[in-house]
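Put chain B with the ligands on the given structure of chain A with help from the hints.
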Amino acid sequence: MKIAVCIKRVPVMEVKFAITADGSRVDNAGLKYDINDFDLWAIEAALQLKEKNGNVGEVAVISLGPDAASEQIRKALAMGADRGVLLKADSIPADGLAIARALAAEIKEGGYDLVLFGRIAIDSMNQMTGPMVAELLDLPCVTNVFKLEITGSTGRAERALEGATEVVEFPLPAVLTIDDGLNKERLPSLKGIMAAKKKPLDVKPAQLGDAKVTVHKMALPPERAAGRILGDSSAAVPELVRLLQTEAKVL
Amino acid sequence: MANVLVFAEVRGGDLRKVALEAVTAGRALAELSGGGSVHALLAGDAGIGAKAESLAQHGADSVLVLEHAGFAMYNPEALAATVAQQLGSGTYGYALFSATAQGRDLSPRVAAKMGVGLAADLTGFTVEGGMVLGQHFNMNGKVIVTLALAGTPALLSVRPAAFQPALAPRALATTSITSAADPSASRVKVVELKQGNTGKLDLNDAPVIVAGGRGLKAPENFKLCEDLADAFGNAAVGATRAVTDEGWRPHSDQIGQTGRNVSPTLYVAVGISGAIQHLAGMRTSKTIVAINKDKDAPIFKIADYGIVGDVFEIMPALTAAVKAVKAQG
Ligand SMILES: Cc1cc2nc3c(=O)[nH]c(=O)nc-3n(C[C@H](O)[C@H](O)[C@H](O)COP(=O)(O)OP(=O)(O)OC[C@H]3O[C@@H](n4cnc5c(N)ncnc54)[C@H](O)[C@@H]3O)c2cc1C
Ligand SMILES: Nc1ncnc2c1ncn2[C@@H]1O[C@H](COP(=O)(O)O)[C@@H](O)[C@H]1O
Chain A
0 MKIAVCIKRV
10 PVMEVKFAIT
20 ADGSRVDNAG
30 LKYDINDFDL
40 WAIEAALQLK
50 EKNGNVGEVA
60 VISLGPDAAS
70 EQIRKALAMG
80 ADRGVLLKAD
90 SIPADGLAIA
100 RALAAEIKEG
110 GYDLVLFGRI
120 AIDSMNQMTG
130 PMVAELLDLP
140 CVTNVFKLEI
150 TGSTGRAERA
160 LEGATEVVEF
170 PLPAVLTIDD
180 GLNKERLPSL
190 KGIMAAKKKP
200 LDVKPAQLGD
210 AKVTVHKMAL
220 PPERAAGRIL
230 GDSSAAVPEL
240 VRLLQTEAKV
250 L
Chain B
0 MANVLVFAEV
10 RGGDLRKVAL
20 EAVTAGRALA
30 ELSGGGSVHA
40 LLAGDAGIGA
50 KAESLAQHGA
60 DSVLVLEHAG
70 FAMYNPEALA
80 ATVAQQLGSG
90 TYGYALFSAT
100 AQGRDLSPRV
110 AAKMGVGLAA
120 DLTGFTVEGG
130 MVLGQHFNMN
140 GKVIVTLALA
150 GTPALLSVRP
160 AAFQPALAPR
170 ALATTSITSA
180 ADPSASRVKV
190 VELKQGNTGK
200 LDLNDAPVIV
210 AGGRGLKAPE
220 NFKLCEDLAD
230 AFGNAAVGAT
240 RAVTDEGWRP
250 HSDQIGQTGR
260 NVSPTLYVAV
270 GISGAIQHLA
280 GMRTSKTIVA
290 INKDKDAPIF
300 KIADYGIVGD
310 VFEIMPALTA
320 AVKAVKAQG
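So the sequences go chain by chain: A and B. Reminder that position 76 of the first sequence reads as 75 in numbering that gives the first Met the number 0, one-by-one numbering, no gaps. Reminder that position 223 of the second sequence reads as 222 in numbering that gives the first Met the number 0, one-by-one numbering, no gaps.
FYI, nobody ran anything at the bench for these hints, they're computed from the structure. Here a beta-carbon is modelled for each residue, glycine too, at the ideal position from N, C-alpha and C. Warning: the hint list may mix true and false statements.
[As the list claims (entries may be wrong)] Pulled from the structure, derived: some chain A residues nowhere near chain B, Cβ distances all over 12 angstroms:
| id | residue |
| --- | --- |
| 1 | D66 |
| 2 | K190 |
| 3 | G191 |
| 4 | I192 |
| 5 | D201 |
[As the list claims (entries may be wrong)] With a straight-line cut-off of 30 angstroms between C-alpha atoms, the simulated BS3-like cross-links for lysine-lysine are:
| id | chain 1 | residue 1 | chain 2 | residue 2 |
| --- | --- | --- | --- | --- |
| 6 | A | K107 | A | K87 |
| 7 | B | K285 | A | K216 |
| 8 | A | K107 | B | K188 |
| 9 | B | K16 | A | K248 |
| 10 | A | K197 | A | K49 |
| 11 | B | K16 | A | K183 |
| 12 | B | K300 | A | K248 |
Chain A extracted, bound-state conformation (with noise of 0.2 angstroms):
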């Protein structure tokens, strides 16, 4: 069985962003990177599966992006995947289907059991790619996964929806898209950042196609004014209730 695992380098989100004067883009300036979060689950959940199941051969991890980018992939690697793919962009488009075309015409070779994808891309916030790549190759596609279960040829997830839990089964080779919960991920081993280093990483350019979906432009969001403090004890509750009544008129 293979599996690839489609990462993407995002920004680390603990800093107070910056656009640039013209509006165009982020400020990319100081900013530090790592794997998206959802993604270092789905990489975990490859490894958990090579490791249980003896007839795992291969995890590839597949990542869109700058040279930069083979860190994320290295840090992969580390973590225990096999193999690296960078399909190098100067820049991420804000498409999630010229993202979806580049990444499936690479998945499409490679004759995968599974691909997984994280639910969501932190810094996009697009949630998209993983199923566009399933319907470009048609393959079966699981979305929001939180419980994995793969016997044989076929699978069974949950699936995570607004105050509820789809169970759905699904045959391989299938595509899903791996959510919180499901697990937390391994740090890289010393041994494992010395091995990472011999591990294959192909580097190709990306097939981006055009674009329908562009950046008009970016901004902060409004910054809240600044809050008050009542008091230190139910005795502020009485001009708390007040003032949700007559100030904000949620009461």
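Relative to chain A, chain B with the ligands alone:
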């Protein structure tokens, strides 16, 4: 002028509130693009057509009804084929979905099938020079991007609660349609729907959310949140990941980056520190109240009103005060 096809979300045989929000958003889109018709697509088991009336009440000029036992559960493959077939009939400028687990599963499939653009999870939109400009969050909610959506048909999904359902009554006009693919031939099969919290307001539907964090110390202390929610009468109880990881509350109650995105009129954060991953899911709430004993807790940076104190002392008093207000009517 452009006609809009709205996908009306159904779960467990019931129309969801987001379906009415989507019809309202679809109406707005039709008006902005010079006044087209809004057609809603309603699919489900035999009898689902009975739900068409409320779609018409909210402004659907016609309702395309697909009744088949194969749609008793969500059937993504057959639905994607059917929505694409309807859109391909050529009369539509746009298709609009709810940005829910279901809508965000279905809309990318349709976009990829048809090779058209999809702008997801919009909180608002305008139409300029025939092009949709939609507001969407990036960077975990810390950046707002305006996306331009070229070509037709173009697909949009709208964030739950971004549009409030508005009455715009139309005479009920239904057309019955058939599935574009054999529903029993789908490879992906939903075999069971486990409804959580039945009978309670869903986090996305509740105007008021009382959310509890690790500061509540133990699962049984969530009763303090339940009691305040009951006092409001229109509230749901949410939680942080610290709490769902502990198993004090189900994962589906989790608010934040890896949980739910909510935007209620009032959000009461009880014993919650305000980690960035939590704020990502609730920062767009209209009014935020925080109760935390640590005056430096980051939650106070985004709260409109704060009380720096002990939740165990403050919550019963707040519940009693809200009850008193509600009793006055
Ligand atoms: C990749 C990733 C994704 C994540 N996704 C999410 C997510 O979706 N949602 C989410 O919520 N978190 C998420 N987290 C976790 C997040 O970083 C925080 O750990 C979590 O939100 C903390 O929950 P908390 O506020 O309940 O707990 P704590 O941070 O422990 O805060 C408890 C608070 O209670 C206060 N307190 C204690 N006792 C009392 C008392 N008696 N009275 C009043 N106040 C009291 C304390 O002062 C403290 O501020 C994620 C983390 C990561 C790394
Ligand atoms: N540039 C990319 N390179 C590799 N994988 C990606 C890329 N963009 C998105 N993905 C995958 O698609 C998932 C969903 O991304 P998105 O649709 O942008 O929210 C991510 O969690 C990744 O698994």
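Evaluated hints:
For D66 of chain A, the non-interface assignment is confirmed: its Cβ lies about 22 angstroms from the closest Cβ of chain B, beyond the 12 angstroms cut-off. With 12 angstroms as the threshold on Cβ separation, the claim that K190 of chain A sits away from chain B holds: the shortest Cβ distance comes to roughly 29 angstroms. Consistency note on G191 of chain A: stated as away from chain B, and its beta-carbon is indeed over 12 angstroms from all of that chain's, at 25 angstroms minimum. With a least CB separation of 27 angstroms from chain B, I192 of chain A remains clear of the 12 angstroms interface cut-off, as annotated.
Distance check for D201 of chain A against chain B: the nearest CB is about 25 angstroms away, which clears 12 angstroms, and the non-interface claim stands. For the proposed pair K107 of chain A and K87 of chain A, the alpha carbon gap of about 17 angstroms is at most 30 angstroms, so the pair holds. Pair hint K285 of chain B plus K216 of chain A holds up; C-alpha atoms about 24 angstroms apart against a cutoff of 30 angstroms. For the hint linking K107 of chain A to K188 of chain B, the alpha-carbon distance of about 24 angstroms falls within 30 angstroms, and the restraint holds.
This hinted pair checks out: K16 of chain B and K248 of chain A have alpha carbons roughly 24 angstroms apart, not beyond 30 angstroms. For the given pair, K197 of chain A sits about 20 angstroms from K49 of chain A by alpha-carbon distance, which is consistent with the 30 angstroms threshold. Distance hint between K16 of chain B and K183 of chain A is unfulfilled; the C-alpha atoms sit about 34 angstroms from each other, more than 30 angstroms. Proximity of K300 of chain B to K248 of chain A is assessed by CA-CA distance (about 21 angstroms); at most 30 angstroms being required, the pair is judged to hold.
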